[in-house]
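Undergrad: Listed here are the chains, written in short residue letters.
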Amino acid sequence: MSAVVLQHLSRRYRETTAVDSLDLEIADKEFVVVLGPSGCGKTTILNMIAGVDAPTSGHILFDGRPTEQIPPEKRNVAMVFQSIALYPHKTVYENIAFPLRMAKATRAGIDERVRLTAKLLRIGDLLNRSPHELSGGERQRVALGRAVVRDPDVFLFDEPLSALDAKLRVEMRVEIKKLHERLGSTFIYVTHDQVEALAMADRIAVLERGKLRQFGTPDEVYRRPANTSVARFIGSPSMNLMNGRLVESAGKSAFEGSRISVPIDDAMAAAARARQGELILGVRPEGLSTNSSGLPLLGEGRVYAVEPLGSDQFVDVAYGAADDAELIKVRTRPDARFRVGDAISLNASPPDIYLFDGAGRRIFPSDAGYR
Amino acid sequence: MSAVAKSLARSDARFALTIVAGLVLVNTIIFILPLLYAAWISFHDRDVILHTQAFIGFGNYRRILASSEAIAAILLSLKFTVLVAVASLLIGLGIALVLNEEFPGRRLLRAAVLLPWAISEVATATAWMFIVNPTFGALTGVLHPLGLVEANHAWINANTALYWVALAFVWHITPLCAFLFLAALQTAPESLYQAARIDRAPAFQRFLHITLPHLRPTVMLVLVVVTVEAFRSFDLLFAMTRGGPGTASQTFPMLIFRYTFEFSRYGLGAAASYILVAIGMAITTVYYFVLTRRRRLVKIDGAAAQPSGTRLATAEKTAPS
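Quick mapping for you: the protein sequence lines, in order, are chains A and B. Position one of the first sequence corresponds to residue 1 (our numbering), numbered consecutively onward. Position one of the second sequence corresponds to residue 1 (our numbering), numbered consecutively onward.
Just chain A, with the same shape it has in the complex (with noise of 0.2 Å):
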């Protein structure tokens, strides 16, 4: 059992800032998954927090005590890598047994722990074989089972299903879930898929450029996305977010795009209002409409592709000319027939309509409201 708190957490290499004065307090027994693109130093986050890297300024408090003296091998932390790392030249056994003989357990308590792992994990049949007779779901599986063996208090995991095939992936997924509820320990978990997060994650840490964007449940992420890059990286695919102004003419305010604008009603008025200057407007392809409840988007709509995905289907509308057309995604019902070309007409309704600043913070819909 541990809550971990980064405070003003940085590192930075020679040139780069990895991590930028990062403040995140992820408590007892929680799941939460670091969202980003790769590059965003999350990997760097689970190496101090491991203890093989250091910050170069901040703090890593385990249950509120500090840190920096403690050596990895003192932490009670396990890791599963992106590179799996099972130690080739041991069985699968040998793999699951090997951080219990470095803690100096007897030979029969680390027999018990070994085989009440595999079992939990459905191993049990393979612990004499070589990592390398296993397939990638099972590779994956003893190194979970070499992380759970240990019983740590948090376990840091760094995307350990990129290298795994996506229908294999979505199995694990759940797995790791349920191990979570079972274990009870803190998960900390590293992702560049944001499927993955909403999936599992108890709260979303959105990091990018090393900065925290957003720390949230995926419910809040998704709904109430702080900012427009974790706009644009939460949801697939990503909100369509549009640049232009607040217009207000004979009572009626409208955002003004260069080639869409939107009528929009009075509260994302007065937000807009109360921060002058540029304005993005955000509205996500399943905020969307074909028929013609809602608020316009006013402009000549052309549909440009379709993309027919069996349980959905979302079509991109072109707006301006064709050389220059600002693109708009659209999801639609599987069944609605469109033809490339013909013209088209959106609709968004207001509890879909994101207006951001033009700093890219959000400020409608306030936080007020939700829920």
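Note that these hints are calculated values from the structure, not bench results. Idealized CB from N, CA, C, for every residue including glycine. Treat the hints with care, since some could be wrong.
Stated by the list, open to error - For lysine to aspartate or glutamate, the following DMTMM-like pairs were computed, each having C-alpha atoms within a straight-line distance of at most 20 Å: (1) B:Lys299 to A:Asp111; (2) A:Lys90 to B:Asp45; (3) A:Lys90 to A:Asp63.
Claimed, not checked - A few chain A residues that face chain B, going by a derived Cβ cut-off under 7 Å, partial list only: (4) Val52; (5) Ala54; (6) Thr56; (7) Ser83; (8) Thr91; (9) Met102; (10) Asp125; (11) Phe215; (12) Gly320.
Given the coordinates of chain A, work out where chain B should sit on it, guided by the hints.
TA: Then chain B, alone, in the frame of chain A:
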């Protein structure tokens, strides 16, 4: 298979055969024919003065293995080989571990370390003979003023000759070992060391459980290379001591040289060469069996439910190292 695929396969095969045929031809001329000729010589007793030649079967082999001089030379060779192999393996590994660390000037040092291996064995011998020269040698020159040895101390004598040659040979061959080890060390995945640190393995255990198993194939390679090199080493020995003083450093290759080129007993020399090869191969085979590790297996719960054949097949297979 389509006609196109067939003709492609045929042209591939023809290309491969052409290349292989060339190699076979060259190897036959410079390698296989001399080997066969040497084997033929080894079964004959040839007298270069009377110009006679008689087939004596394994007579030469029997004579060598019954000769106390030859047995002594073989034992001396084995001693020399063991000394060289153990020392160069350990020192080479040590140097590689140091060179694998990050420190300023590492590149330069890496290049410099390889130098002794690049120097010819005769030049090496000349340098070492200068160092140990009793009158004007560097070793005496340094140690005598300190009062540690008397002037004109004979470093090379009947008791020490083999060790001095072994030392020079270790100096010559260790850089090669260090480089083979260094190359292997650089392919050791960093993530394993990280995993082991997080698994609470201290530095020595990480070396034991990750570095050494990773180096196992290289240890095998180094042992085979150094053993063969040391066991058949001739140039350095010839240039340093010529097997002397007396027969104090007369190793088996030195004896073969004497048989063949000093006594002109070609049959004896050829037979001894074949014995040398046989011993070398025997040692290498022993290495293979000692260094191929068998897996430690555990009982698997509910194993009876499994088809026993597959389990046995897995269990008996040795982990390729």
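Undergrad: All hints are to be evaluated individually against the structure, with a verdict given for each.
TA: Hints, verified against the model:
1. B:Lys299 to A:Asp111: This hinted pair holds, its Cα atoms lying about 10 Å apart.
2. A:Lys90 to B:Asp45: Not OK: A:Lys90 and B:Asp45 at ~56 Å, beyond 20 Å, violated.
3. A:Lys90 to A:Asp63: violated (35 Å)
4. Val52: holds (5 Å)
5. Ala54: Since the shortest Cβ distance to chain B is 13 Å, the answer is violated.
6. Thr56: Nearest chain B Cβ about 19 Å off; hint violated.
7. Ser83: At 5 Å from the nearest chain B Cβ, A:Ser83 passes the 7 Å test, so the hint holds.
8. Thr91: holds (6 Å)
9. Met102: holds (5 Å)
10. Asp125: holds (6 Å)
11. Phe215: violated (25 Å)
12. Gly320: Because about 49 Å separates A:Gly320 from the closest Cβ in chain B, which is outside the 7 Å limit, the hint is violated.
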